[in-house]
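Visitor: This is what each chain is made of:
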Amino acid sequence: MAPVVKIDQIHKIYDSGDVPVHAVRGVSLEIQQKEFVALMGASGSGKSTLMNMLGCLDRPTRGSYLLDGVDVSLLDKNELADIRNQKLGFVFQGFNLLARTTALENVELPCLYGKTRMSSKKMRERAMYCLDIVGLSNRADHMPNQLSGGQQQRVAIARALVNEPQLLLADEPTGNLDSRTSIEVMGVFQKLNEQGITIVMVTHELDVARYCKRYLILRDGIVVRDEPTQDRSIAEIELAKLKEAETAAKLLAAGSAAA
Amino acid sequence: MSPRLLRLALPAATGAVMIAAWYGLHFWLDAEMRFLLPTPGQILAAFRDNGSDLARAALNTTEGALLGFGFAASVSFLLAVGLSLSAPVRASLYPYLMILQMTPVIIIAPILVLWVGAGLKSVTVITFLICFFPLVVNTTQGLVSTDRNLVELFAMWRASRWQQLRHLRVPAALPYFFTGLRIAATLAPIGALVGDYTAGSSAGDGGGLGFLAIIYSSQAKYPALFATAATTCVLGFIFTSGVLALSWFALHHWHDSYERSDQ
Ligand SMILES: Nc1ncnc2c1ncn2[C@@H]1O[C@H](COP(=O)(O)OP(=O)(O)OP(=O)(O)O)[C@@H](O)[C@H]1O
Ligand SMILES: [Mg+2]
Numbered sequence: 396m397a398p399v400v401k402i403d404q405i406h407k408i409y410d411s412g413d414v415p416v417h418a419v420r421g422v423s424l425e426i427q428q429k430e431f432v433a434l435m436g437a438s439g440s441g442k443s444t445l446m447n448m449l450g451c452l453d454r455p456t457r458g459s460y461l462l463d464g465v466d467v468s469l470l471d472k473n474e475l476a477d478i479r480n481q482k483l484g485f486v487f488q489g490f491n492l493l494a495r496t497t498a499l500e501n502v503e504l505p506c507l508y509g510k511t512r513m514s515s516k517k518m519r520e521r522a523m524y525c526l527d528i529v530g531l532s533n534r535a536d537h538m539p540n541q542l543s544g545g546q547q548q549r550v551a552i553a554r555a556l557v558n559e560p561q562l563l564l565a566d567e568p569t570g571n572l573d574s575r576t577s578i579e580v581m582g583v584f585q586k587l588n589e590q591g592i593t594i595v596m597v598t599h600e601l602d603v604a605r606y607c608k609r610y611l612i613l614r615d616g617i618v619v620r621d622e623p624t625q626d627r628s629i630a631e632i633e634l635a636k637l638k639e640a641e642t643a644a645k646l647l648a649a650g651s652a653a654a
Numbered sequence: 379m380s381p382r383l384l385r386l387a388l389p390a391a392t393g394a395v396m397i398a399a400w401y402g403l404h405f406w407l408d409a410e411m412r413f414l415l416p417t418p419g420q421i422l423a424a425f426r427d428n429g430s431d432l433a434r435a436a437l438n439t440t441e442g443a444l445l446g447f448g449f450a451a452s453v454s455f456l457l458a459v460g461l462s463l464s465a466p467v468r469a470s471l472y473p474y475l476m477i478l479q480m481t482p483v484i485i486i487a488p489i490l491v492l493w494v495g496a497g498l499k500s501v502t503v504i505t506f507l508i509c510f511f512p513l514v515v516n517t518t519q520g521l522v523s524t525d526r527n528l529v530e531l532f533a534m535w536r537a538s539r540w541q542q543l544r545h546l547r548v549p550a551a552l553p554y555f556f557t558g559l560r561i562a563a564t565l566a567p568i569g570a571l572v573g574d575y576t577a578g579s580s581a582g583d584g585g586g587l588g589f590l591a592i593i594y595s596s597q598a599k600y601p602a603l604f605a606t607a608a609t610t611c612v613l614g615f616i617f618t619s620g621v622l623a624l625s626w627f628a629l630h631h632w633h634d635s636y637e638r639s640d641q
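Line order of the protein sequences matches chains C and V.
Under the numbering used here, read the first sequence as residues 396 to 654, first letter to last.
Under the numbering used here, read the second sequence as residues 379 to 641, first letter to last.
For reference, chain C alone in the conformation it holds in the complex:
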């Protein structure tokens, strides 16, 4: 089976400013189906730049990119947009939900546009199914301002899933979340990954990267490390541990209050 992502010696040079910025300097990478990759590195090391090229949001200056076997450099703008909508799902650091819109309608949004429209009934079913995957089917009619940060990010993940993408790209999806809700979100990613979705996510935090299966470290636009994750964290277990610790703390507090 073809790898989902196959890039060969890609470069990105930004020419907009006074001095050209060589943000990505020859990265080669293969990502197979069902992989779960963390992309790490210092600020400015080129993580977002690489992600934008993987997401077909930006073209490499040099090098080739096969997305699911298709050479994207041969596609025109519209074809690129189509392949993006069919094969890719995006999750961002800021959740980018529409405020005046329920969770369910937010999830439906990507299906409303473009040329292939499904029936509104089918759309609703899909959106509901995706909300269920992220564990929020009971919040379908809530507005974003009635949801916690972690729940909003899960809605955004459901939205990224609605077009049944093969590859989920997430740029610092836990960047705005505290450690507990980060684990919840990573739990959702792990579940999706088990169901066969390939995931690439950027993160700053080692703790978060440990939920992935493979991690890459980028430095000055070059991959300096590419390894499988050692003793990988499992979100379900970590959450259970947290709960246990909380219960213990409560018991302790109650005990000392009684004494």
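It should be emphasised that the hints constitute simulated quantities derived from the structure, not laboratory data.
Please note that the accuracy of each hint is not assured.
[Claimed, not checked] Some but not every residue of chain C turned toward chain V, in silico, with C-beta under 8 Å:
#1 F487
#2 L493
#3 R495
#4 L504
#5 G509
#6 A535
#7 M538
[Said to hold, decoys possible] Label-pair distances were calculated between CB atoms; the ranges are:
#8 C:L637 with V:L388: 46 to 52 Å
#9 C:S532 with V:V467: 55 to 61 Å
#10 V:V522 with C:K636: 44 to 50 Å
#11 C:D410 with V:L463: 25 to 31 Å
#12 V:I477 with C:S459: 28 to 34 Å
#13 V:L384 with C:A643: 41 to 47 Å
#14 V:V522 with C:Q428: 57 to 63 Å
#15 C:S514 with V:F615: 46 to 52 Å
#16 V:V467 with C:K429: 50 to 56 Å
#17 C:S514 with V:L386: 54 to 60 Å
#18 V:R536 with C:A635: 38 to 44 Å
#19 C:D536 with V:R426: 22 to 28 Å
Backbone N, C-alpha and C fix where the C-beta goes; we use that ideal spot for every residue, glycine too.
We have chain C; now place chain V with the ligands onto it with these hints.
Guide: This is chain V with the ligands only, laid out in the frame that chain C set:
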């Protein structure tokens, strides 16, 4: 005393003190000067004696204010959408909108009387002109300051310009529109009043509160003049509360300024 009771009692007490001071001031004046400040009692009597005139005038003013306000709201909304679509259009029209805003109504009024005649039409146009500017400016501001990330997201989904406007920009601009609407609501009755004062007509009982003010002051009916002022206050209050209620209905279930506590 419970905080709730206090919130009612405090303004009531302030009111009582003010009325007492009012009477005090009235009787402190020399007897022949007391006409300058009629007592609340005299003003109430003026309400009773001129009730039907005041009510008719208030209705006429309300009509002008509502028409001008309504036109201003709809025209400004459409214009704001147009302005938001292109920066060059904005740049070329803004100075003239400013000029329109700067031109004093006192100067425009006689011209309007020449063009459309005195009466409701002129009053409506003047109210429109006064309400228009804050509405256009606020709504345009709202339409162009949509979250960039969301705009990019819509572009990524290949939403058309029209879809982007309808699903993203207009909803995001609603709070700004309502800010403009609240300002316009305080301006509309004043606009209608000034319009009536400068370009009103009493033909066929068409005179409004501004017209009544002219008549009462020329007849030296000072308590009735105060009653006219009070009526205007009530009108402004009704307009503002109406818009506040409208904006609550439109915004409360999603906008952070009305965030619900029952999460
Ligand atoms: N649109 C752009 N135009 C010019 N230079 C850019 C642009 N985007 C990024 N850069 C530059 O490219 C380099 C890599 O940026 P990038 O955003 O990929 O870093 P990053 O690893 O995502 O950093 P962070 O962790 O802070 O998000 C930086 O030096 C940045 O200044
Ligand atoms: Mg980045």
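Visitor: Taking the hints in turn, state whether each one holds.
Guide: How the hints compare with the structure:
About 7 Å separates the beta-carbon of C:F487 from the nearest beta-carbon of chain V, less than 8 Å, and the hint is met. Hint on C:L493 holds. Least Cβ distance to chain V is approximately 7 Å, under the 8 Å limit. Interface hint at C:R495: satisfied, since its Cβ lies 4 Å from the closest Cβ of chain V, which is below the 8 Å cut-off. Against a cut-off of 8 Å between C-beta atoms, the interface hint on C:L504 holds, since the closest Cβ of chain V lies about 7 Å away.
For C:G509, the suggested interface contact is upheld, since its CB lies about 5 Å from the closest CB of chain V, less than 8 Å. Given the 8 Å rule on beta carbons, the hint for C:A535 is violated: about 15 Å separates it from the nearest Cβ of chain V. Here the hint on C:M538 is kept, as its CB sits about 5 Å from the closest CB of chain V, short of 8 Å. Remark: the range hint 46 to 52 Å for C:L637 to V:L388 is upheld by a beta-carbon distance near 49 Å.
Taking 55 to 61 Å as the suggested C-beta distance range, the pair C:S532 and V:V467 does not conform, at roughly 45 Å. Between V:V522 and C:K636 the beta carbon distance is about 49 Å. The supplied range of 44 to 50 Å therefore holds. Restraint check, C:D410 to V:L463: a C-beta distance of roughly 30 Å satisfies the suggested window 25 to 31 Å. The hinted range of 28 to 34 Å is not satisfied by V:I477 and C:S459, whose Cβ atoms lie roughly 58 Å apart.
Between V:L384 and C:A643 the Cβ separation comes to about 46 Å, which falls inside the hinted range of 41 to 47 Å. At roughly 43 Å, the beta carbons of V:V522 and C:Q428 sit outside the given window of 57 to 63 Å. Range check, C:S514 to V:F615: Cβ separation about 50 Å, and the 46 to 52 Å hint holds. Range check, V:V467 to C:K429: about 51 Å between beta-carbon atoms, so the 50 to 56 Å window is met.
For C:S514 and V:L386, the Cβ-Cβ distance of about 56 Å falls inside the hinted range of 54 to 60 Å, so the restraint holds. For the pair V:R536 and C:A635, the beta carbons lie near 43 Å from each other, so the given range of 38 to 44 Å is met. Separation of C:D536 from V:R426 is about 54 Å and departs from the stated range, judged on CB atoms against 22 to 28 Å.
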